[in-house]
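So the protein sequences, as listed, match chains A and B.
Quick note: the first sequence uses UniProt numbering, first residue 1, plus one each step.
Quick note: the second sequence uses UniProt numbering, first residue 1, plus one each step.
Among the hints, erroneous ones may be present.
Pairs of lysine to aspartate or glutamate residues, derived as DMTMM-like cross-links and limited to a Cα-Cα distance of at most 25 Å, are as follows [to be verified]: (1) B:K48 <-> A:E6; (2) B:K48 <-> A:D272; (3) A:K296 <-> A:D348; (4) B:K141 <-> A:E6.
Sample of chain B residues at the chain A side, in silico, Cβ under 8 Å [said to hold, decoys possible]: (5) C22; (6) R26; (7) V35; (8) V39; (9) A45; (10) H47; (11) L94; (12) L96; (13) F116; (14) R140; (15) L146.
Keep in mind the hints are simulated off the structure, nothing from the lab.
Note that beta-carbon positions come from the ideal geometry of N, C-alpha and C, so glycine has one too.
If you want the building blocks of each chain, they are given just below.
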Amino acid sequence: MDRMNEYQALLQALSETPPALEGSVARAKAKDRRRRAGRWCGIPMASLGGLAAAFVLLVNFSLPFARACGNIPFLKDLAAAVAFSPSLKAAVEHDYVQPIGQSQTVNDVTMTVEYLIVDQKQVNIFFSLKSDAYTALWGDPEVLEPDGETGGRSVGWRSPEDGSGLQQVVVNYLEGDTPDALTLRFKVMGDRERAPDEPIPAPDALSRIGGEALPEREYVAEFTFDLGFNPAFTETGETISLGTPFTLDGQDFTADSVEIYPTHVRLNLSADPANTAWLKGLDFYLTDENGNRYDKVSNGISATGTGHAGGMTSFRLESSYFGRAEHLTVHIAGCTWLDRDREYVTLDLAQGKALSPPARRRDAGGDYTSGVHGQYHPFR
Amino acid sequence: MEQNEYALRADGLKERLYRTACLYLRSKSQALDAVDEAVYKGLRACHKLREPEYFTTWLTRILINVCNAELRRHKRELAVEELPETAAEEFDALPLRDAVDRLPEALRAVVILRYFTGLTLAETSAALEIPQGTVSTRARKALSLLKLELNDEEAR
Numbered sequence: 001m002d003r004m005n006e007y008q009a010l011l012q013a014l015s016e017t018p019p020a021l022e023g024s025v026a027r028a029k030a031k032d033r034r035r036r037a038g039r040w041c042g043i044p045m046a047s048l049g050g051l052a053a054a055f056v057l058l059v060n061f062s063l064p065f066a067r068a069c070g071n072i073p074f075l076k077d078l079a080a081a082v083a084f085s086p087s088l089k090a091a092v093e094h095d096y097v098q099p100i101g102q103s104q105t106v107n108d109v110t111m112t113v114e115y116l117i118v119d120q121k122q123v124n125i126f127f128s129l130k131s132d133a134y135t136a137l138w139g140d141p142e143v144l145e146p147d148g149e150t151g152g153r154s155v156g157w158r159s160p161e162d163g164s165g166l167q168q169v170v171v172n173y174l175e176g177d178t179p180d181a182l183t184l185r186f187k188v189m190g191d192r193e194r195a196p197d198e199p200i201p202a203p204d205a206l207s208r209i210g211g212e213a214l215p216e217r218e219y220v221a222e223f224t225f226d227l228g229f230n231p232a233f234t235e236t237g238e239t240i241s242l243g244t245p246f247t248l249d250g251q252d253f254t255a256d257s258v259e260i261y262p263t264h265v266r267l268n269l270s271a272d273p274a275n276t277a278w279l280k281g282l283d284f285y286l287t288d289e290n291g292n293r294y295d296k297v298s299n300g301i302s303a304t305g306t307g308h309a310g311g312m313t314s315f316r317l318e319s320s321y322f323g324r325a326e327h328l329t330v331h332i333a334g335c336t337w338l339d340r341d342r343e344y345v346t347l348d349l350a351q352g353k354a355l356s357p358p359a360r361r362r363d364a365g366g367d368y369t370s371g372v373h374g375q376y377h378p379f380r
Numbered sequence: 001m002e003q004n005e006y007a008l009r010a011d012g013l014k015e016r017l018y019r020t021a022c023l024y025l026r027s028k029s030q031a032l033d034a035v036d037e038a039v040y041k042g043l044r045a046c047h048k049l050r051e052p053e054y055f056t057t058w059l060t061r062i063l064i065n066v067c068n069a070e071l072r073r074h075k076r077e078l079a080v081e082e083l084p085e086t087a088a089e090e091f092d093a094l095p096l097r098d099a100v101d102r103l104p105e106a107l108r109a110v111v112i113l114r115y116f117t118g119l120t121l122a123e124t125s126a127a128l129e130i131p132q133g134t135v136s137t138r139a140r141k142a143l144s145l146l147k148l149e150l151n152d153e154e155a156r
């Protein structure tokens with residue numbers, strides 16, 4: 001048999017497939033179903049994040065389950081810690097979590113950094129503070145970068161309302177990207193557990209009286225954690241260039257780009273220099289082809305601008321990252337303007353009055369006058 | 001890519017995957033297991049595939065990785081030595097299937113994908129993550145070693 005005949009014979013032999021091949025896709029689906037079910041049955045966890053994702057779903061959609069699990073503090077706290085944010089909930093549901101588990105104890109206070117949710121522009125650090133000596137613990141975070149840089153970012157801290165769950169430090173980066181590592185320094189304050197016979201201070205001793213500030217509280221403990229980030233997380237995110245012009249209320253803009261990260265989406269605009277008003281606020285949302293809706297961020301930074309009176313140029317929404325959408329549509333329901341000749345207002349602090357008329361705020365649907373619109377600039 | 005679409009396309013590709021796995025592993029039962037594993041891995045990762053036009057090369061690459069892992073695991077059992085590329089006279093004496101097995105790994109992968117699995121030049125290049133020119137060079141060298149006179153039109 002010559003080589004060509006051998007070749008044809010070998011092809012023929014290879015084309016004879018076993019009947020079992022027909023079930024390959026069905027077996028893969030069944031195996032995937034077993035994998036998912038396995039998480040429920042307490043099979044040793046390949047991924048703590050995976051279990052957390054399933055837990056979050058049940059806690060959110062099953063009241064009996066949530067009540068039944070009310071005594072499992074750790075997972076309950078994790079679910080509660082991400083419940084306020086649709087983006088972080090989606091991240092946890094998709095195992096987009098870096099477990100840490102670093103713990104330190106100082107002066108009867110134990111701080112444990114439990115999880116990180118990190119992408120190219122944002123770092124979320126979830127940690128717990130526990131102590132038998134204090135009834136409540138809180139503190140001041142400080143985030144140190146390897147190069148000592150502190151500009152172009154904001155640092156926020158969020159404490160659970162009941163004071164017992166996971167606390168969160170969030171670091172937002174504006175232009176720069178998340179570094180490979182950060183150091184979290186956290187100074188803790190606390191209310192000490194009182195003996196049964198110890199008198200409780202009168203309420204007025206704990207409040208500001210006659211304009212006198214309370215003495216500063218002393219820190220009861222200070223912790224320093226060096227946190228390294230998984231590069232797979234810090235590199236996650238994509239920017240889609242748009243260059244789409246549009247007009248709002250007679251003001252011209254260009255939608256420059258959309259940045260999509262697991263923790264949020266940024267819609268970046270640039271304003272025509274000839275515009276007569278600054279864009280101060282945008283009521284808008286995104287939809288995708290799968291019927292999902294992504295609202296503007298309602299916790300944390302919702303928009304950023306390039307100057308003190310230059311209007312907002314980058315608006316933030318909940319993340320569509322895990323929605324795997326091919327197409328996103330921006331829906332603008334309203335906007336808030338500040339006329340360019342109304343950028344400043346003169347205040348008489350002694351009288352508590354405005355000496356010039358308050359800024360006129362106009363919405364897309366009509367004009368009305370209001371007080372100066374609040375603006376949050378937390379950047380350090 | 002959604003799982004339903006993935007399931008349809010994977011089902012349509014399974015016979016080509018099986019041929020590839022058979023040549024890599026020389027065992028029908030191991031080939032079936034490898035296809036199962038590759039299809040399962042693909043099912044779990046299909047949401048990351050954002051460009052469906054690369055589905056064939058993407059899933060083929062997953063299968064090759066599965067096969068290579070299996071080969072490493074059973075390296076002692078297989079005990080197949082790779083011969084130097086200059087050993088043309090020995091290939092000439094071997095049955096075609098054995099000769100393919102004994103090709104250097106880089107040449108064998110090209111021959112399997114190009115002439116038995118039926119991938120195009122571009123698909124082979126993408127699946128192996130090597131330039132198309134390298135695919136052509138390796139294909140010519142492999143065919144020469146195998147004493148097999150095939151051209152691009154005759155590739156499946």
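Each hint, compared with the structure:
1. At most 25 Å may separate the alpha-carbon atoms for a hinted pair to count; K48 of chain B and E6 of chain A exceed this at roughly 40 Å.
2. Taking the CA atoms of K48 of chain B and D272 of chain A, the gap is near 38 Å; set against the 25 Å cutoff, the hint is violated.
3. Between the alpha carbons of K296 of chain A and D348 of chain A the distance comes to roughly 35 Å, so the proposed pair goes past 25 Å and is violated.
4. Taking the CA atoms of K141 of chain B and E6 of chain A, the gap is about 19 Å. The hint holds against a cut of 25 Å.
5. At about 6 Å, the closest approach between the beta carbon of C22 of chain B and any beta carbon in chain A falls short of 8 Å, and the interface hint on this residue holds.
6. Interface hint status for R26 of chain B: violated, as the beta-carbon distance to the closest one in chain A is roughly 12 Å, over 8 Å.
7. With its C-beta approaching chain A no nearer than about 5 Å, V35 of chain B sits inside the 8 Å limit, and its interface hint holds.
8. Look at V39 of chain B: its Cβ gets to within about 4 Å of chain A, closer than 8 Å, so that hint holds up.
9. Taken as an interface hint, A45 of chain B does not check out: its beta carbon lies about 11 Å from the nearest beta carbon of chain A, beyond 8 Å.
10. With 8 Å as the threshold, the beta carbon of H47 of chain B comes within range of chain A, its nearest partner Cβ sitting at about 6 Å, so the hint holds.
11. For L94 of chain B, the interface hint is violated, since its Cβ never comes within 8 Å of a Cβ in chain A; the closest pair sits about 10 Å apart.
12. Restraint check, L96 of chain B versus chain A: the minimum CB separation of about 4 Å is within 8 Å; hint holds.
13. Taking 8 Å as the C-beta contact cut-off toward chain A, the hint placing F116 of chain B at the interface holds, the least distance being around 6 Å.
14. With its C-beta approaching chain A no nearer than about 15 Å, R140 of chain B sits outside the 8 Å limit, and its interface hint is violated.
15. Restraint check, L146 of chain B versus chain A: the minimum CB separation of about 7 Å is within 8 Å; hint holds.
Violated hints for the displayed structure, listed by number in ascending order: 1, 2, 3, 6, 9, 11, 14.
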